[in-house]
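Visitor: Each chain is listed here by its residues.
Number of protein chains: 2
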Amino acid sequence: MSTGTQHTTGYFRGRTLAELGERLRADEIRSVDLVKAALTAIDALDGTLNAFVTVDRAGALRAAETADAELADGRDRGPLHGIPVAVKDIIDVAGLRTTMGSAHFADHVSTQDAECVTRLREAGAIIVGKTTTQEFAFGPTGDRAHNGASRNPHDSGRMTGGSSGGSGAAVAAGIVPLALGTDTGGSVRIPASLCGVAGFKPAFDAVPTGGVFPLSQTLDHVGVLAGSPADCRTGYRVLAGLRPMPRRDPGSEVRVGWIPPDLLHPTDPRVAELARTALDSDGLDVREIRPEGLDGMLRAFGAIQFSEAHAVHADRVAEAPQLFTDDVLDLLRQAGETAGWQYVRALTDRERWRAEVAALLDEVDLLAMPTTCVAAPEIDQRQVDIGGTPLPVRGSLIGLTRPWNLAGVPALSVPAGTVGGLPAGLQLVGAPGREDELFAVADGIGEALQRWRGGPRAATKDG
Amino acid sequence: MSTGTQHTTGYFRGRTLAELGERLRADEIRSVDLVKAALTAIDALDGTLNAFVTVDRAGALRAAETADAELADGRDRGPLHGIPVAVKDIIDVAGLRTTMGSAHFADHVSTQDAECVTRLREAGAIIVGKTTTQEFAFGPTGDRAHNGASRNPHDSGRMTGGSSGGSGAAVAAGIVPLALGTDTGGSVRIPASLCGVAGFKPAFDAVPTGGVFPLSQTLDHVGVLAGSPADCRTGYRVLAGLRPMPRRDPGSEVRVGWIPPDLLHPTDPRVAELARTALDSDGLDVREIRPEGLDGMLRAFGAIQFSEAHAVHADRVAEAPQLFTDDVLDLLRQAGETAGWQYVRALTDRERWRAEVAALLDEVDLLAMPTTCVAAPEIDQRQVDIGGTPLPVRGSLIGLTRPWNLAGVPALSVPAGTVGGLPAGLQLVGAPGREDELFAVADGIGEALQRWRGGPRAATKDG
Chain A
1 MSTGTQHTTG
11 YFRGRTLAEL
21 GERLRADEIR
31 SVDLVKAALT
41 AIDALDGTLN
51 AFVTVDRAGA
61 LRAAETADAE
71 LADGRDRGPL
81 HGIPVAVKDI
91 IDVAGLRTTM
101 GSAHFADHVS
111 TQDAECVTRL
121 REAGAIIVGK
131 TTTQEFAFGP
141 TGDRAHNGAS
151 RNPHDSGRMT
161 GGSSGGSGAA
171 VAAGIVPLAL
181 GTDTGGSVRI
191 PASLCGVAGF
201 KPAFDAVPTG
211 GVFPLSQTLD
221 HVGVLAGSPA
231 DCRTGYRVLA
241 GLRPMPRRDP
251 GSEVRVGWIP
261 PDLLHPTDPR
271 VAELARTALD
281 SDGLDVREIR
291 PEGLDGMLRA
301 FGAIQFSEAH
311 AVHADRVAEA
321 PQLFTDDVLD
331 LLRQAGETAG
341 WQYVRALTDR
351 ERWRAEVAAL
361 LDEVDLLAMP
371 TTCVAAPEID
381 QRQVDIGGTP
391 LPVRGSLIGL
401 TRPWNLAGVP
411 ALSVPAGTVG
421 GLPAGLQLVG
431 APGREDELFA
441 VADGIGEALQ
451 RWRGGPRAAT
461 KDG
Chain B
1 MSTGTQHTTG
11 YFRGRTLAEL
21 GERLRADEIR
31 SVDLVKAALT
41 AIDALDGTLN
51 AFVTVDRAGA
61 LRAAETADAE
71 LADGRDRGPL
81 HGIPVAVKDI
91 IDVAGLRTTM
101 GSAHFADHVS
111 TQDAECVTRL
121 REAGAIIVGK
131 TTTQEFAFGP
141 TGDRAHNGAS
151 RNPHDSGRMT
161 GGSSGGSGAA
171 VAAGIVPLAL
181 GTDTGGSVRI
191 PASLCGVAGF
201 KPAFDAVPTG
211 GVFPLSQTLD
221 HVGVLAGSPA
231 DCRTGYRVLA
241 GLRPMPRRDP
251 GSEVRVGWIP
261 PDLLHPTDPR
271 VAELARTALD
281 SDGLDVREIR
291 PEGLDGMLRA
301 FGAIQFSEAH
311 AVHADRVAEA
321 PQLFTDDVLD
331 LLRQAGETAG
341 WQYVRALTDR
351 ERWRAEVAAL
361 LDEVDLLAMP
371 TTCVAAPEID
381 QRQVDIGGTP
391 LPVRGSLIGL
401 TRPWNLAGVP
411 ALSVPAGTVG
421 GLPAGLQLVG
431 APGREDELFA
441 VADGIGEALQ
451 RWRGGPRAAT
461 KDG
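As you go down the protein sequences, you meet chains A and B in turn.
With UniProt numbering, the residue at position 349 of the first sequence is 349, and numbering never jumps.
With UniProt numbering, the residue at position 69 of the second sequence is 69, and numbering never jumps.
Bear in mind the hints are in silico, worked out from the structure with no lab data behind them.
It is possible that part of the hints are untrue.
[Unchecked claim] So the derived label-pair ranges between C-beta atoms look like this:
{"no.": "1", "chain 1": "A", "residue 1": "Thr118", "chain 2": "B", "residue 2": "Arg333", "range": "46 to 54 Å"}
{"no.": "2", "chain 1": "B", "residue 1": "Thr389", "chain 2": "A", "residue 2": "Arg299", "range": "42 to 50 Å"}
{"no.": "3", "chain 1": "A", "residue 1": "Thr8", "chain 2": "B", "residue 2": "Gln217", "range": "56 to 64 Å"}
{"no.": "4", "chain 1": "A", "residue 1": "Arg316", "chain 2": "B", "residue 2": "Leu323", "range": "39 to 47 Å"}
This structure is a prediction, so every number in the text was calculated from the model and none was measured.
All C-beta atoms in this analysis are idealised placements derived from N, C-alpha and C, irrespective of residue type, glycine included.
Just chain A, with the same shape it has in the complex (with noise of 0.2 Å):
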């Protein structure tokens, strides 16, 4: 049992960047103030949460103040205009630290902002500072950085996973309604499960990776956390590149996959009858989907992310490797004992699961699963009890999620309730150019779940 509390939380718990944005343009409150908003939430909650590794105090109040003047001149930006936003710790903002949660950059200041952050920037978001990473991020716990664990707002003597875990728990606390997260094999939709919010891992490619430091360049991903499937929709346009535009209804009846996640990895049956339990829904016809490629799968997504993360840190491993956290050394290590034939045999698996995922969604217009296996374990937990068997945590966490990372298909995650008391998401995976679809889909289910349920925090599944 976790030893932690539950907090109070920041301003931006439950409000909407729609009900920000008609406040500000009908001039209730401007940027300035919701900058103020986040920076007292940081003072009263991050001392618990470890959320932040650098804030911006300065900066994020004179972007404020021109994005304020802006409005009042008439020069509007979009939705995300005068919105205070967090970037995780590995993603450069020029003239702030990027410690890639790592002792190797404890004092390195980005002298650029990375491609996101520009567009962020354009759009008239407003950098409040930067989020706790895993060290380098590799790995789901959210524990394992320089600057020490993020904490579980729900928990905080559980972990928030990760690797994007400071932008998960600072969306929950309510700190800032928007961050950005990188997901390799889960770790924007991981910490979104963990910490009861929605995450959004786009398209590979969608949103470029320039600036941003490489876990596994073929896989890696820039996403967005959110309070809503709405809110991750509007801060993945702005980084795609695309104009905002109206939401879209779903199809007159959208056709569902429901992969039973044991075939991926073994589930906490609380955790995946919550996922299934949130499908049922008017509008959705769910039928039970059993891709077949999953020992390729398997066998790729693991070359490929260790054999590309050991060719970004061989010489830091080789000359340095006193300065990693244990576990991250551990895993570089491993990581390093794939073999090339293993890596080029991984990029036909990877062919054979694009295929087959393609097909799938040909058959179905979303597939859906459980986000992780596991409701948030303890901070430092490293086994986790599953069915009575006990689990190494990490593909506890990374199970379900790292299959679309290989497919380079877009994949939210959205609060489906709680186990235990603690959040557990539903994971929706779409085909790439029908975003528009998953988002409809999520937001229907989130308001269906909030009105059924009395909302996320309510929602129960505590057999």
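Use these hints to put chain B onto chain A, whose structure you have.
Guide: Chain B in isolation, oriented as in the chain A frame:
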């Protein structure tokens, strides 16, 4: 000293495709006569040369009758119509054995033509047989194959070079005027150099590799061997699906960048001098070029070829190692040791090398160097003496050719004369899309050498 001897040559020695085509169309000779000439030469010479694994007497004669009937009917398929051609035994020809030079495939019969063979047949070429290949095309010596070593027509105690050794011997001996080879690190150009014929490796992907057994899928190229660059060009245009076109003259002054071969690999100074002297020709402006990214190029070639080759053969190496020849098994086991992260870094190094070569080929029209570092070693010789230092034979054969597989640019070997009575080639490297310039310069050099030195067989650099 080799104990072998020189042999009389077949009908096609010194005859061009243009001459054969004219005689066919003037009704002075029939395709059936050409096929019989090839079969007669095989009967006379192949007991010594071992250039062929399989000879398709009946099939070739039948196809020649059809070709003759078509020509008589006025159906003319172009410059290869009725011409006997030999095909390396890792390329599928329907109904014939494709052994890959290996005991693993000793009884393997192909059911379909490779795409390049289909193109040959549609152009009217007659497949007379399958030529000896180094086992699985892995190795440049030509003396490791299930059916035994192919032997050099200039001295049957010496290597043909490889892996397309049988094709080199068959063309050099005048058994066929044209033969298919494959080239992953030099396997067309090396036997061309050692056997005293022309050999062309096209740009990457210019000729389809469907139906060709892979060695290293991102380095494999299908190429041609013939008596002259002009005949290589004719064969290449058919394989690449390009229409026949008259040869063009090179531009007024061609800028040639001579790469001192010792930068790439220690080279017999007589071979280097022979190749350099061949460039002392009107219309060539020769300057020295010193590439910079050679360390990365070498690392990249090794990691890519080894990883991809082991990926093809891992199961055979694990399950039936005794069916490999010693050299190839050793290479494959060594290949399995390459790490995945080294392969990943190699992909980056390859991009850098490609960019550097592209920049060099902006500066000059062609790059030039010898094709091999030595003339033909003896069969089974595993070390060669270069400047008093014993060096492994493998690097001494592929050291100057492999950079152009990694770059994916067209490269041609043209006979430059002889050293100690044995042929050695000049290698010319051009930019993709400018192949005609490459062929025109090579033709000019070949013709000049023939005038000046009295033909490649007579030219010497026997210091």
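Visitor: That 39 to 47 Å hint for A/Arg316 and B/Leu323 (C-beta), does it hold up?
Guide: Distance hint for A/Arg316, B/Leu323 holds at roughly 43 Å.
Visitor: Do the Cβ positions of A/Thr118 and B/Arg333 conform to the proposed distance bound of 46 to 54 Å?
Guide: 49 Å, holds
Visitor: That 42 to 50 Å hint for B/Thr389 and A/Arg299 (C-beta), does it hold up?
Guide: With Cβ atoms ~44 Å apart, the hint holds.
Visitor: Quick one: are A/Thr8 and B/Gln217 within 56 to 64 Å, going by C-beta?
Guide: Check passed, 59 Å falls within 56 to 64 Å.
The structure fails none of the hints (numbered hints given earlier).
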